[in-house]
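Undergrad: Okay, here's what each chain looks like letter by letter:
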Amino acid sequence: MAKFNQTIAILILALVSTSAQAEEPLAVVVNKANPVNEISRSELIDLFMGKYVAFPNDVKAIPVELKGEHDIKVEFYQNLVDMPLSRVNAYWSRLRFTGRKRTAVFKPNEEELIAFIIANEHAIGYVPQSLITEDLKVVYILNE
Amino acid sequence: MLLAQCLSLLCLSLFVVATHVSASDSGNEKLQFSGFATLGAVVSDSDHHGYRKNVGSDGAVYSGEVDFKQHSLLGLQADWSISSNFDAVYQGVLRDLPEPSFDRYTTLAFLRYEVNTNWSVRLGRTAPDLFLLTEYRDVDFSYIWATAPNEVYGIIPYRSIDGLDVTYQQRGLGGVFKTKFFTGASETEISASSVVEKIKIEDIIGIALSFDHFNWIVHAKHTQVTIANEPQSNAFVIDSISQVPDFLWPNSQVFSESLQMIEEDVEYSSVSGQYQLKNWLASAELSRINSASEVIPKIISGYAALSYQLDAHQFYGIYAFTDSKIYVFDQPGVNEVVLEELVHGITGLMNFYSANQQTISLGWRWDITNVLASSLQWNYTKIEESGSVLWPNSTDHNEAEEINTFLLTLSMVF
Numbered sequence: 146m147a148k149f150n151q152t153i154a155i156l157i158l159a160l161v162s163t164s165a166q167a168e169e170p171l172a173v174v175v176n177k178a179n180p181v182n183e184i185s186r187s188e189l190i191d192l193f194m195g196k197y198v199a200f201p202n203d204v205k206a207i208p209v210e211l212k213g214e215h216d217i218k219v220e221f222y223q224n225l226v227d228m229p230l231s232r233v234n235a236y237w238s239r240l241r242f243t244g245r246k247r248t249a250v251f252k253p254n255e256e257e258l259i260a261f262i263i264a265n266e267h268a269i270g271y272v273p274q275s276l277i278t279e280d281l282k283v284v285y286i287l288n289e
Numbered sequence: 002m003l004l005a006q007c008l009s010l011l012c013l014s015l016f017v018v019a020t021h022v023s024a025s026d027s028g029n030e031k032l033q034f035s036g037f038a039t040l041g042a043v044v045s046d047s048d049h050h051g052y053r054k055n056v057g058s059d060g061a062v063y064s065g066e067v068d069f070k071q072h073s074l075l076g077l078q079a080d081w082s083i084s085s086n087f088d089a090v091y092q093g094v095l096r097d098l099p100e101p102s103f104d105r106y107t108t109l110a111f112l113r114y115e116v117n118t119n120w121s122v123r124l125g126r127t128a129p130d131l132f133l134l135t136e137y138r139d140v141d142f143s144y145i146w147a148t149a150p151n152e153v154y155g156i157i158p159y160r161s162i163d164g165l166d167v168t169y170q171q172r173g174l175g176g177v178f179k180t181k182f183f184t185g186a187s188e189t190e191i192s193a194s195s196v197v198e199k200i201k202i203e204d205i206i207g208i209a210l211s212f213d214h215f216n217w218i219v220h221a222k223h224t225q226v227t228i229a230n231e232p233q234s235n236a237f238v239i240d241s242i243s244q245v246p247d248f249l250w251p252n253s254q255v256f257s258e259s260l261q262m263i264e265e266d267v268e269y270s271s272v273s274g275q276y277q278l279k280n281w282l283a284s285a286e287l288s289r290i291n292s293a294s295e296v297i298p299k300i301i302s303g304y305a306a307l308s309y310q311l312d313a314h315q316f317y318g319i320y321a322f323t324d325s326k327i328y329v330f331d332q333p334g335v336n337e338v339v340l341e342e343l344v345h346g347i348t349g350l351m352n353f354y355s356a357n358q359q360t361i362s363l364g365w366r367w368d369i370t371n372v373l374a375s376s377l378q379w380n381y382t383k384i385e386e387s388g389s390v391l392w393p394n395s396t397d398h399n400e401a402e403e404i405n406t407f408l409l410t411l412s413m414v415f
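One line per chain: the protein sequences are A and B, in this order.
Each residue of the first sequence is one higher than the one before, counting from 146 in my numbering.
Each residue of the second sequence is one higher than the one before, counting from 2 in my numbering.
Please note that a few of the clues may not be correct.
[Said to hold, decoys possible] List time: in silico EDC-like cross-link candidates among lysine to aspartate or glutamate, alpha-carbon distance up to 16 Å:
#  : chain 1 : residue 1 : chain 2 : residue 2
1  : B       : K279      : A       : D227
2  : A       : K246      : B       : E115
3  : A       : K212      : A       : E188
4  : A       : K205      : A       : E188
5  : B       : K201      : B       : D88
6  : B       : K31       : A       : E188
7  : B       : K201      : B       : D266
8  : A       : K282      : A       : E266
9  : B       : K299      : B       : D247
10 : A       : K205      : B       : E268
11 : A       : K205      : B       : E115
12 : A       : K246      : B       : D104
13 : A       : K205      : A       : E266
14 : A       : K218      : A       : E266
15 : B       : K201      : B       : E268
Hints were generated in silico from the structure; no laboratory data involved.
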């Protein structure tokens with residue numbers, strides 16, 4: 146019986162943990178040296194949807210994306226523009242295959258994405274709040 | 002044109018070099034390869050009017066046929082980020098063409114210089130920005146429908162412009178204003194029932210304006226071009242008229258000169274808008290083609306569309322129309338009995354670009370994965386008398402007809 150209770154407790158913990166991870170706010174971060182301290186939601190949409198790829202001070206930005214169908218990427222776009230990744234991909238295929246916009250920089254995981262932002266003053270990306278380090282500056286919080 | 006073709010080759014050469022550089026440095030992310038593809042099947046129920054995607058196609062789909070050529074294609078693209086404000090793009094699209102060549106398969110080949118956040122310049126081969134979808138109508142994954150409405154897009158055969166464009170964009174009023182000026186030249190093929198015509202345009206001058214407020218967007222575009230060659234059909238008819246003696250057709254010379262297309266101007270204009278409210282997406286476009294040439298009538302066309310998204314499924318309806326004046330031969334003093342065949346040929350030529358039809362479409366798009374989608378679309382088209390340039394005739398049947406067409410596409414990006 147004790148073993149059964151232990152198993153139930155582990156399952157509940159796992160569920161709570163998964164739920165907490167899914168609901169963890171996403172932080173939009175830039176290089177610490179970037180003079181921009183905050184960014185509005187509409188500016189963020191313009192920036193990640195390729196409409197106006199610049200910071201509020203009109204300095205050109207370099208958006209950094211996670212490659213493929215990463216959970217964080219799905220959550221980011223669902224929160225930002227209320228679109229599933231398929232529609233975001235459809236939207237971006239218009240910009241990319243007409244040559245209207247330069248493509249973003251893609252990284253395979255959060256660690257490499259963070260490393261790129263730390264190394265590039267004009268980079269901007271999104272990570273779970275728990276991964277924020279002192280080398281990053283948070284300019285917007287999604288899903289707070 | 003020659004300059005732009007040289008640039009195309011230069012871009013390709015740069016990519017070959019870049020590919021070599023990339024291959025020798027696995028960490029190099031400056032070169033990205035991507036692509037898009039569509040596998041499309043079409044069936045239609047007319048024995049007389051054959052379905053085709055646009056006037057550039059020399060094929061057509063008649064009753065009892067299943068076609069895979071009209072909508073299937075494969076696009077490959079390379080993006081080379083040379084520096085933070087300088088990049089090059091090459092794109093080739095393999096598809097069924099009446100006169101295939103490396104030049105025709107190349108749809109993008111340009112160098113871009115981003116002066117700053119607001120200004121950018123592209124030099125080389127770019128996509129034509131005549132109407133709302135002309136830049137990306139072949140990227141089927143990018144829009145909901147199985148195909149862009151033929152009434153507006155079927156008449157536009159151009160897939161690229163060789164030249165220069167300058168874009169200025171600025172934030173304002175909670176959105177982004179964009180202005181693009183472009184100039185250059187282009188050439189393509191237009192297919193009639195029995196002949197493929199090469200069409201060259203030059204002195205293209207265009208402006209495209211847009212205001213994008215994320216859930217709604219408006220566009221206005223205007224382009225003027227000059228026809229740079231005389232199509233064979235026109236030359237043949239003009240030559241035939243010149244051989245008619247005066248007693249059968251007095252002053253025929255004046256009329257035959259009006260059939261010349263070379264150096265005539267054509268204007269393309271379009272206004273369009275799109276609005277998204279939660280799961281609903283509404284869009285509409287009104288376009289006009291106007292020409293100084295007697296052979297190209299004024300064509301007014303447009304569409305209105307509504308779609309609803311339910312999870313990975315989108316259901317949509319489109320109403321599209323195109324309207325132009327039908328030419329009826331009415332020259333004074335002409336012996337139409339003796340010249341019956343010639344009058345028939347002239348009428349055919351003058352009505353070649355006429356398009357008069359309406360289509361109601363219903364469709365379903367399913368995003369199978371985040372990069373793969375299928376679209377099933379039913380088109381019910383009512384073609385008015387004298388037919389339409391959009392539908393080649395297998396016979397001399399020019400009567401009004403109602404046609405059902407079914408399209409099934411599987412589109413993807415990678």
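Undergrad: Decide if the proposed pair is consistent with the structure: K246/A and E115/B, CA atoms, cutoff 16 Å inclusive.
TA: 10 Å, holds
Undergrad: Measure nothing beyond the straight line between the CA atoms of K201/B and E268/B; if it is 16 Å or shorter, mark the hint as holding.
TA: Roughly 15 Å separates the two Cα atoms, so the pair holds.
Undergrad: Is K299/B close enough to D247/B, meaning Cα to Cα at most 16 Å?
TA: 31 Å, violated
Undergrad: Straight-line Cα separation of K205/A and E188/A no greater than 16 Å?
TA: 13 Å, holds
Undergrad: Compare the distance between the alpha carbons of K205/A and E266/A with 16 Å, and conclude whether the hinted pair is satisfied.
TA: This hinted pair holds, its Cα atoms lying about 10 Å apart.
Undergrad: Are the Cα positions of K246/A and D104/B separated by 16 Å at most?
TA: At roughly 23 Å apart (the allowed maximum being 16 Å), D104/B and K246/A break the hint.
Undergrad: Does the structure keep K31/B and E188/A at a Cα separation of 16 Å or less?
TA: 26 Å, violated
Undergrad: Is the Cα-Cα distance between K201/B and D266/B 16 Å or less?
TA: OK: K201/B and D266/B at ~12 Å, within 16 Å.
Undergrad: Please work out if K205/A and E115/B have their alpha carbons no farther apart than 16 Å.
TA: 10 Å, holds
Undergrad: Check whether the Cα positions of K279/B and D227/A lie no farther apart than 16 Å.
TA: Distance of about 8 Å is within 16 Å: holds.
Undergrad: Given the hint that K282/A pairs with E266/A, does the C-alpha gap stay at or below 16 Å?
TA: 11 Å, holds
Undergrad: Within a Cα-Cα threshold of 16 Å, do K218/A and E266/A meet the stated pairing?
TA: Cα-Cα ~22 Å, so violated.
Hint compliance for this structure: hints 3, 5, 6, 9, 10, 12 and 14 are broken, all remaining hints hold.
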